[in-house]
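Just so you know, the sequences run in chain order A and B. Just so you know, the first sequence maps onto residues 12 to 245 in our numbering. Just so you know, the second sequence maps onto residues 79 to 342 in our numbering.
Just so you know, not all the hints are guaranteed correct.
[Unchecked claim] Here are a few chain B residues that sit away from chain A, every Cβ distance over 10 Å (derived from the structure):
id	residue
1	Leu110
2	Val225
3	Gly269
[Claimed, not checked] Label pairs and their calculated CB-CB ranges:
id	chain 1	residue 1	chain 2	residue 2	range
4	A	Leu39	B	Ala180	48 to 54 Å
5	A	Ala27	B	Gln193	41 to 47 Å
6	A	Ile23	B	Glu315	38 to 44 Å
These aren't lab readings, by the way, just hints derived from the structure by calculation. Everything numeric in this text was worked out from a predicted model, so none of it was measured. Glycine is no exception: its CB is placed at the ideal position from the N, C-alpha and C atoms.
Given next are the chains, with one letter for each unit.
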Amino acid sequence: MTAKTVRTILAIGIIAASVGLAAITYLLSFPDPDHSQRYLALQLEVTGSSNRVAGIYLNMRLFDTLLEILVFSVAVLGVRYYLSHASDVPTPSLSESGVVRIAVNFLGPLALLLSAFFALFGHLSPGGGFAAGVIAGSAMLYVAIAQGMEATEARLKPHRVATVEKAILLFVLCWVLLPVVLGRAPLTDLLPKGTAGQLMSGGSILPYNLLIGAKVFLGAWLIIAAFAQHRGEL
Amino acid sequence: MARWILLALLPVVAGISLAQSRRLAAIIGMGLFSLMLAATYLLMHAPDVAITEATIGAALVTAIYILAIRRTGRLTVVADEVPGLIAREGDHISGLEYEILAGFAKAQGLDLSIQFVPLRRVQWLVAHREADMGAGGIIPLPEADDVLATTPEHLPTGIYAFEPNAVRPSVAFAPDYEGYFSELVPRARDGTLASTVIALDLARVLAISRHGVSLKGLVRLEGNHAYAFILSRERTELRREYASYFERLRTSGQLEEMIGRHVQ
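Start from the sequences, fold in the hints, and give me the full structure.
Below you can see the structure in the form of structure tokens.
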């Protein structure tokens, strides 16, 4: 079977699967639509966050989010552990074209600004820590591609970044368990809810967004740095 | 309505991306798919999911895929300029070697990236696997190199030197000089060429002569020599693929046509 035939079969398969999935989604209704409605009705009162999504995943379903953070931490650890056995590859000295460098110099700071906005206002408008971290990580990846790994690593040294990344995880774990010390249930929000719509509102959602944003950013950077050091991908 | 149009287009874009033979085009198609999906989420009143899809699918994953194909999806060739073989003309590159390499890259489904570097840097970059191939009027000498291999020869030429004995037996490739070819003409005018050049080739000698500069004392070395490309000995698959492409080029008569177009 030629490569073209395989590609054609795959293309037809994907189209057929997409149409099938769309049909199933359309024909089936959700098992319990009232359940989600109850969450939405209670959300503002319980969390104080005007972004309902952030209110649910950083307060009402914080345990799920905590596990997601742990999964990401394990992924970072795994990449660093397995690549640490690989030999170092010299950093390529052929630089990118001027167009790429200028575009990255212009877009990089804008992406970092957008990332900061998403982390700071994630409890008020769409966004949040995960999206903020991924944007900042992508921005650093583009900067590393354009300006070279050595110059970028000089600004964000991987061994220091790894320490901060682990410290953030430890801080988040301590923060969610602190209520136990105070005689309350774990994961209880200790910060005041404030007035919905204000920057200082939503209890712990704002600090969580900032911490998750920083953690995802630093974790993404560690993965990129590990690939560059041991695989010479940049 | 717009949501349904986008939903209908998603499998079409996915299919088109999958059918692309150029990897970069396929990745751009995947990025477009993610952006359309993000727009669909937005129209379904799920802006948080839309942002996540756009940041991960369109930005991060696209960048990681581009990194992954950076070495595999691109044929990186380093060369010093030689008029007639590989040289910049305005905003494009032309020459016999360029045409051969462009045809090879196209046949392999790769994007050709040419980087002009000083002559002595060409061998270093290819030997350290930072570039796939080295070009720019390189002549293999009988002494084999431990790290670098050569492709089949594509054009007969000659080697010239001010001091024929200076082209040492240990040197595996000619020509040999400091810096870029473009710096040779001013040096020839100043009369300092002989101090920085160990060996030159016919194409470079002709190109310098066209500037009306005298090249007194330059002697043609004995023997039959020809141009070839260099690549790492470890790149056996690339060598094999190039050899098979070159054989097709030679037997079909296309090589003769190319030589006729570029070499007078």
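Against the structure, the hints come out as follows:
With a least CB separation of 15 Å from chain A, Leu110 (chain B) remains clear of the 10 Å interface cut-off, as annotated. Distance check for Val225 (chain B) against chain A: the nearest CB is about 15 Å away, which clears 10 Å, and the non-interface claim stands. Look at Gly269 (chain B): its CB is around 34 Å from the nearest CB on chain A, clear of 10 Å, so calling it non-interface holds up. Range check, Leu39 (chain A) to Ala180 (chain B): about 53 Å between beta-carbon atoms, so the 48 to 54 Å window is met.
The hinted window of 41 to 47 Å between Ala27 (chain A) and Gln193 (chain B) holds, with their beta carbons roughly 44 Å apart. Separation of Ile23 (chain A) from Glu315 (chain B) is about 31 Å and departs from the stated range, judged on CB atoms against 38 to 44 Å.
Consistency with the previously given hints fails for number 6 only.
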